[in-house]
Every structure is written in C-alpha cells, then in structure tokens.
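K.L.:
Just need the whole structure built from these sequences, with the hints factored in.
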Amino acid sequence: MLPTVYIFFLILLLTLPEKTPPQYFPNYYLPLVMQQKILPSVAEELIDLDSPARSGRPLEILQFPQNMSSIQLLQNVTNKHKSYFEKKNDQHINASMRRLFLSFIQFESISRLRFNRGTGRLISHRDLEGLAEYFIDSRWYREALKRNSSNNSYGFSEERLLRVLISIQAAAHFFEVPYPALFCLFFQESKFDFLANSSTGAKGVGQLTTIALREVRRLRDFSSKELLIQRTAAHLNQVYSDPQIQIWLQNLGFNLDLPIISPIPENIEFTQLTSEFMFEVGKELVKNGHSYGENIGLLWFLSKKIRRGRILPARYSAMHKVFSTMLAEQFASSSSSTYNIETNVLASTLLFSHYYRYQWRKNKKNFELPAEARVILAAAAYNHGQSGMRRFLINLSHEFPMLNFKTLSAKKLRILFTTRRLSRALQRPFYKIREASRHVRYIMNCAEGSPLLS
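Those letters in the sequence shown? Residues 74 to 527, per the working numbering, in order.
Hints may contain errors.
[What the hints assert, rightly or not] Within a straight-line C-alpha distance of at most 25 angstroms, the following computed DSS-like cross-link-like pairs (lysine-lysine) qualify:
id, residue 1, residue 2
1, K153, K219
2, K435, K484
3, K264, K505
4, K378, K505
These are computed hints drawn from the structure, not numbers from a lab.
P.N.:
Given below as structure tokens:
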C-alpha cells in the first residue's frame with residue numbers, strides 16, 4: 074500500500090504546474106504583470122508595449138538596478154528592431170536619426186530589463202515601431218528635422234532630443250498613462266523642441282502656459298502628485314548616471330554628457346527671454362564672424378522663427394546653433410525653468426494625467442467613460458481646460474439621450490468631435506475652435522494609426 078501511495082503523490086507533483094519558476098530562470102522572461110493603478114479611475118487596463126516587464130511597484134526606486142552584465146543587456150537589445158530600418162527608404166533616415174530612433178525603440182526594453190520600468194498602450198494605439206514610423210513619415214521630419222540634423226552648422230543636439238524621449242518614457246510609466254498618447258501629445262505640442270515658444274506664449278516641450286503652471290502648482294499640493302513628479306525625476310537621474318546606460322548609448326554611437334537631474338523645485342518659472350540675452354547672442358555671432366549679429370531687431374525676428382519650429386536659410390544657420398546653445402546654458406539648465414526638458418515634460422505629464430483621470434460630471438453623476446475616450450478628452454482639456462470639455466459631454470448627453478457613454482469608443486467620439494459641438498462647448502472664437510479640433514485629431518491620428526495629417 075505504501076509504495077502505491079508514494080508513486081501516486083510523485084506523479085501528482087510531477088504533473089502539477091509550477092507556481093514560481095526555478096531560480097536559474099531569468100526574471101525578465103516572466104509574463105507581464107500589470108501594475109495596480111495609482112489613481113484607479115480609469116477602468117481599461119493598459120497592455121504591454123514591447124517585451125515582458127518585471128513585476129514591481131510603480132513608484133519603487135531600486136537602490137541598485139537589476140543585476141545584469143553590460144553584455145547581457147546589449148545582447149537583449151542590440152539587434153532589436155534593426156530590420157525595421159531596413160524596410161524604410163535610407164534617404165529618409167540619416168545616421169543621427171537612425172541612432173535616435175533605435176534608442177527610442179530599444180529604451181523600452183532597456184528600461185524593463187535594467188530598472189523594472191515598462192510602459193503600456195491602449196489596444197487601439199500604435200506600437201513602438203508605429204510611433205517611429207509616424208515620426209519619420211511626418212512632413213515636419215522630412216522638411217525640418219532631417220535638414221537640421223544633417224547639417225552641423227545648425228547645431229542640432231542629439232542629447233536634447235534623447236533626453237526628451239527618455240523623459241516621456243519615464244513619465245508614461247510613473248504616471249501610468251498610455252505611452253502613445255503621451256508621446257503624440259508632446260510631438261503635436263512642440264515636435265519635441267525644448268525651445269518651442271508659441272504665438273500665445275506657451276513654452277517648452279509640453280507648451281506650458283502661465284495658466285497651466287498655476288494648475289500644476291495646485292495639483293502638487295496633493296502629496297501623491299508631488300511624490301509622482303519627484304520619483305520620476307529621481308528615476309531619470311538614476312538612468313542618466315547609470316554606467317550601463319552609458320555603455321548602451323556608446324554602442325549605438327552616441328557620445329553624450331547627460332545632466333544631473335535635481336528634484337523639481339516648488340516654483341517653476343515661466344522664463345522670459347530678455348534684450349540682454351539677445352545682445353549676448355549677437356556678440357557671440359559677431360565673434361564667430363557673422364556680422365548680422367549686430368542687428369538685434371533681426372535676431373529677435375530670427376529667434377521667433379526658430380521658436381516656431383522653422384528652419385532658417387543656410388546663411389543664418391549659425392543663429393540656430395548659437396541661440397539654442399546659449400538658451401540651453403543660461404535657462405534650460407535650471408530645473409526651475411519651463412525651458413528645462415525634464416521639468417517641462419514631468420509638469421506637462423502631471424497635467425495630462427490629471428485630465429486623463431478627471432471625474433467628468435453632470436450635476437452629481439459621473440460620466441463613466443472608457444480609457445480610449447478619456448485620452449481624447451484629456452488631449453482637448455490639456456489645451457483648453459476641463460470646463461469646456463465638461464460642457465461638451467453635457468451637451469452630448471442632451472443631444473443624444475440614449476448615448477451609452479460607458480461604451481463610447483475613440484472612433485465614435487472622434488466623429489462627434491465636430492467644430493459645431495466644440496463651438497457650443499468651448500465658447501471661443503472660431504479660429505480657436507478649429508485649432509482645438511485639429512490639435513486633438515492630429516494627436517489621435519498619431520496615437521491610433523489613422524491617415525497621416527501632419
């Protein structure tokens with residue numbers, strides 16, 4: 074009897090599935106475990122964007138990164154997505170852009186393997202290669218960035234663009250927002266240009282305004298929000314100073330000196346350029362043999378073009394280099410400036426995350442909306458505030474009493490997002506209404522893979 078019982082239990086143990094893998098099984102091959110929501114007002118879960126993520130708490134800052142050798146790390150990502158660039162026409166991708174696009178795609182895997190940091194997307198959203206393709210196929214890239222990055226005299230900075238891309242990835246993880254939506258928001262706002270300055274005065278990568286900064290200050294009064302923004306800044310500092318990240322970047326062909334990231338200060342300054350600064354720019358241009366540096370009026374005109382994303386004629390290319398370098402050194406190097414890349418990205422993401430999880434209400438009843446619809450409303454509220462979007466939803470509920478907001482897809486909301494309805498909700502001049510409509514549609518076309526309009 075005893076041998077029979079022993080054999081029975083032995084067979085049972087051999088056939089039962091293991092609940093945990095053996096010790097020698099690498100952690101980074103474990104199935105994706107989605108993080109518990111920090112602000113659980115969005116019901117729809119994000120799905121993984123790329124390789125499986127390690128399990129762990131979203132806000133956890135590792136004392137020491139995951140124990141992987143540089144060789145292991147590089148082996149996992151070196152050949153990743155390279156076939157994608159073989160499909161693209163080489164005339165659209167110069168060496169600098171190829172490095173940046175590869176780093177953008179590979180960093181998602183690096184972040185998961187090294188720092189326990191992974192982002193997600195909604196089912197309707199593009200994957201990483203889809204986002205890169207949108208970027209490459211955009212008219213802005215072909216007509217502006219490609220020209221800027223192909224000519225050394227314009228002073229294009231791979232470091233600054235790389236910092237933007239890494240900051241967006243980190244912010245998407247910590248604030249738990251769909252990565253494609255956040256990526257496309259910043260792409261539409263500024264084309265990832267840290268010195269972007271709109272005609273309305275909005276500044277930096279996320280085009281922050283004085284009104285937006287006031288809202289950011291209000292949100293940071295909540296300890297949970299302040300914790301998010303500071304933990305993200307601490308993580309970015311860890312990434313920038315990590316020796317294996319430096320080895321990975323060198324392997325891609327970069328030679329960068331990434332900055333030390335300080336905690337985000339309580340007050341973020343809405344930095345204004347001064348005549349003294351422009352005079353210093355002129356002196357540097359004259360010193361380098363460009364006599365037009367003496368014409369301060371011309372320099373203001375040219376700087377306005379640069380800050381609107383225009384590429385100056387070749388005879389003024391030095392203005393690009395001198396202006397962007399001096400602005401980076403004198404203003405953007407300070408973590409309290411709206412021109413600072415990491416500060417701007419994190420403050421902007423805090424604002425977008427707030428609208429993404431906002432409790433839209435009619436009287437005391439919430440509009441229960443799926444995440445893909447919330448992305449559209451968040452993109453609109455980011456530029457025009459939540460009051461107009463709340464009126465938009467209330468007006469929809471009156472116009473369509475049988476409309477089920479719980480199942481309101483992004484596709485259907487886009488159809489309902491007309492200039493007529495926006496005009497009634499936003500109560501702004503028509504050019505503002507048209508701008509709001511176009512802005513949101515561009516962001517969603519980028520995130521969801523609709524026909525290219527940029």
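K.L.:
Now tell me, hint by hint, if it's right for this structure.
P.N.:
For each hint, the structure was consulted:
1. Proximity of K153 to K219 is assessed by CA-CA distance (about 23 angstroms); at most 25 angstroms being required, the pair is judged to hold.
2. Taking the CA atoms of K435 and K484, the gap is about 23 angstroms. The hint holds against a cut of 25 angstroms.
3. About 20 angstroms separates the Cα atoms of K264 and K505, which keeps this hinted pair within 25 angstroms; it holds.
4. Restraint check: the Cα-Cα separation between K378 and K505 comes to about 22 angstroms, which is no more than 25 angstroms; the hinted pair holds.
Hint check: no violations occur; every hint is consistent with the structure.
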